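Could you build all of it, start to finish, from the sequences and the hints given here?
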Amino acid sequence: AQSVTQPDARVTVSEGASLQLRCKYSYSGTPYLFWYVQYPRQGLQLLLKYYSGDPVVQGVNGFEAEFSKSNSSFHLRKASVHWSDSAVYFCVLRANNNAGAKLTFGGGTRLTVRP
Amino acid sequence: AQTIHQWPVAEIKAVGSPLSLGCTIKGKSSPNLYWYWQATGGTLQQLFYSITVGQVESVVQLNLSASRPKDDQFILSTEKLLLSHSGFYLCAWSGAQDTQYFGPGTRLLVL
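Protein sequence lines correspond, in order, to chains A and B.
Take 1 as the starting number for the first sequence in the numbering used here and just add one per residue.
Take 1 as the starting number for the second sequence in the numbering used here and just add one per residue.
It is possible that some hints are incorrect.
[To be verified] Taking beta-carbon pairs under 10 Å as the criterion, some of the chain A residues facing chain B (in silico):
hint, residue
1, 4
2, 6
3, 34
4, 38
5, 41
6, 45
7, 46
8, 88
9, 103
10, 104
11, 105
[Claimed, not checked] From chain B, some residues computed to sit far from chain A (all C-beta separations above 12 Å):
hint, residue
12, 1
13, 16
14, 17
15, 20
16, 26
17, 29
18, 65
19, 69
20, 70
21, 71
22, 73
23, 80
24, 85
25, 86
26, 110
[To be verified] Simulated crosslink set (BS3-like; lysine-lysine; CA at most 30 Å straight-line):
hint, chain 1, residue 1, chain 2, residue 2
27, B, 70, B, 28
28, B, 70, A, 102
29, A, 69, A, 24
30, B, 26, B, 70
31, A, 49, B, 26
32, B, 80, A, 102
33, A, 69, A, 49
34, B, 28, A, 49
35, B, 28, A, 102
36, B, 26, A, 102
Hints listed in this document are in silico derivations from the structure and should not be mistaken for laboratory results.
All values reported here derive from a predicted model rather than from experimental measurement.
All C-beta atoms, glycine included, are put in the ideal place defined by N, C-alpha and C.
Take a look at the structure:
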């Protein structure tokens, strides 16, 4: 079985500050990892994904994430946040590459950016 | 470019009444399709997926059913709503072995 843990349910930072949202996963095989963002009352938008290769992956809007197999982590980072980054962020694991493979979602981290 | 549309945008329904939610994908041939449920303020739970017309796999049983009548359409339904069905329903699509992309969602309130 696989699981995803986002230990911080809520994070508040000031505009212009750097950001790290934590994600830990549990899975015995090779994980496929994603970060999605959900703005208020909207669907999910893909920020970035990691399948293999360079452990640091770049996403949209200046986000990046770093995969660590030794730490079973996939933390999301941004150098300087903007007020429009306020949203809920989900770390997601797909256990294999089969069609219909189930996505396992973390509990989400609600980010609030103070102006 | 692919577009995904969900209908209705929102529904208020009575307990015990029937429900039908729809999802249509344009610009993608033979997509894999998925239904997710999100409780208010909660995380997402996959309900169903389909890799071809007429074939639907259930992931979680919530007294709901799903059908795929056409290549580009995915329907979620129940004959009798429960209070616990309230939440946000999201449809998603992917290519074979690829990233899932989500629709705008349907908000459901059961009273």
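Here is what the structure says about each hint:
Given hint, residue 4(A) at the interface with chain B, holds; its Cβ is 9 Å from that chain's nearest Cβ, closer than 10 Å. Against a cut-off of 10 Å between C-beta atoms, the interface hint on residue 6(A) holds, since the closest Cβ of chain B lies about 9 Å away. Because the beta carbon of residue 34(A) sits about 7 Å from the nearest beta carbon in chain B, less than 10 Å, this interface hint is met. The criterion of a C-beta within 10 Å of any C-beta in chain B is met by residue 38(A), whose closest approach is roughly 9 Å, and the hint holds.
Here the hint on residue 41(A) is kept, as its CB sits about 7 Å from the closest CB of chain B, short of 10 Å. Restraint check, residue 45(A) versus chain B: the minimum CB separation of about 7 Å is within 10 Å; hint holds. A cut of 10 Å between beta carbons decides the hint on residue 46(A): the least distance to chain B is about 6 Å, and the hint holds. Hint on residue 88(A) holds. Least Cβ distance to chain B is approximately 9 Å, under the 10 Å limit.
Nearest Cβ of chain B to the Cβ of residue 103(A): about 6 Å, under the 10 Å cut. The hint holds. Interface restraint check for residue 104(A): the shortest CB-CB distance to chain B comes to about 9 Å, inside 10 Å, so the restraint holds. Checking residue 105(A) against chain B: minimum C-beta separation of about 5 Å stays under 10 Å; hint holds. For residue 1(B), the shortest C-beta to C-beta distance to chain A comes to about 14 Å, beyond the 12 Å cut-off, and the non-interface label holds.
Residue 16(B), annotated as away from the interface, keeps every beta carbon of chain A farther than 12 Å; the closest lies near 27 Å. Separation of residue 17(B) from chain A is adequate, the least Cβ-Cβ distance of about 23 Å exceeding the 12 Å criterion. The Cβ of residue 20(B) sits about 19 Å from the closest Cβ of chain A, beyond the 12 Å cut-off, so the non-interface label holds. Once the 12 Å rule is applied to beta carbons, residue 26(B) is consistent with being away from chain A; the minimum gap is 16 Å.
At roughly 14 Å from the closest C-beta of chain A, the C-beta of residue 29(B) stays outside 12 Å, upholding its exclusion from the interface. Under the 12 Å C-beta cut-off, the non-interface status given to residue 65(B) relative to chain A holds; the minimum distance is some 17 Å. With a minimum CB-CB distance of about 18 Å to chain A, residue 69(B) clears the 12 Å threshold, and the non-interface call stands. Every beta carbon of chain A lies more than 12 Å from that of residue 70(B), the smallest distance being close to 18 Å; the non-interface claim holds.
Distance to chain A confirms residue 71(B) as a non-interface residue, since its nearest Cβ pair spans about 15 Å, more than 12 Å. Its beta-carbon lying about 17 Å from the closest one in chain A, residue 73(B) satisfies the requirement of being farther than 12 Å from that chain. Remark: the non-interface label on residue 80(B) is consistent with the geometry, its nearest Cβ contact in chain A lying 27 Å away (cut-off 12 Å). With 12 Å as the threshold on Cβ separation, the claim that residue 85(B) sits away from chain A holds: the shortest Cβ distance comes to roughly 18 Å.
Consistency note on residue 86(B): stated as away from chain A, and its beta-carbon is indeed over 12 Å from all of that chain's, at 15 Å minimum. Listed as a non-interface residue, residue 110(B) keeps its Cβ farther than 12 Å from every Cβ of chain A; the least gap is roughly 18 Å. Between residue 70(B) and residue 28(B) the alpha-carbon distance is near 13 Å, which keeps this suggested pair within the 30 Å criterion. Pair hint residue 70(B) plus residue 102(A) holds up; C-alpha atoms about 22 Å apart against a cutoff of 30 Å.
Proximity of residue 69(A) to residue 24(A) is assessed by CA-CA distance (about 10 Å); at most 30 Å being required, the pair is judged to hold. Note on residue 26(B) and residue 70(B): the hinted pairing holds, with a Cα-Cα distance of about 12 Å set against a maximum of 30 Å. Proposed proximity of residue 49(A) and residue 26(B) is supported: the alpha carbons are some 23 Å apart, at most 30 Å. This hinted pair checks out: residue 80(B) and residue 102(A) have alpha carbons roughly 27 Å apart, not beyond 30 Å.
With a C-alpha separation of about 15 Å, the suggested pair residue 69(A) and residue 49(A) falls inside the 30 Å cut-off, and the hint holds. About 21 Å separates the Cα atoms of residue 28(B) and residue 49(A), which keeps this hinted pair within 30 Å; it holds. Annotation: proposed proximity of residue 28(B) to residue 102(A) holds, straight-line Cα distance about 21 Å (limit 30 Å). Taken as a hint, the residue 26(B) and residue 102(A) pair is honoured in the structure, with Cα atoms around 23 Å apart against an allowance of 30 Å.
Hint violations for this structure: none, all hints satisfied.
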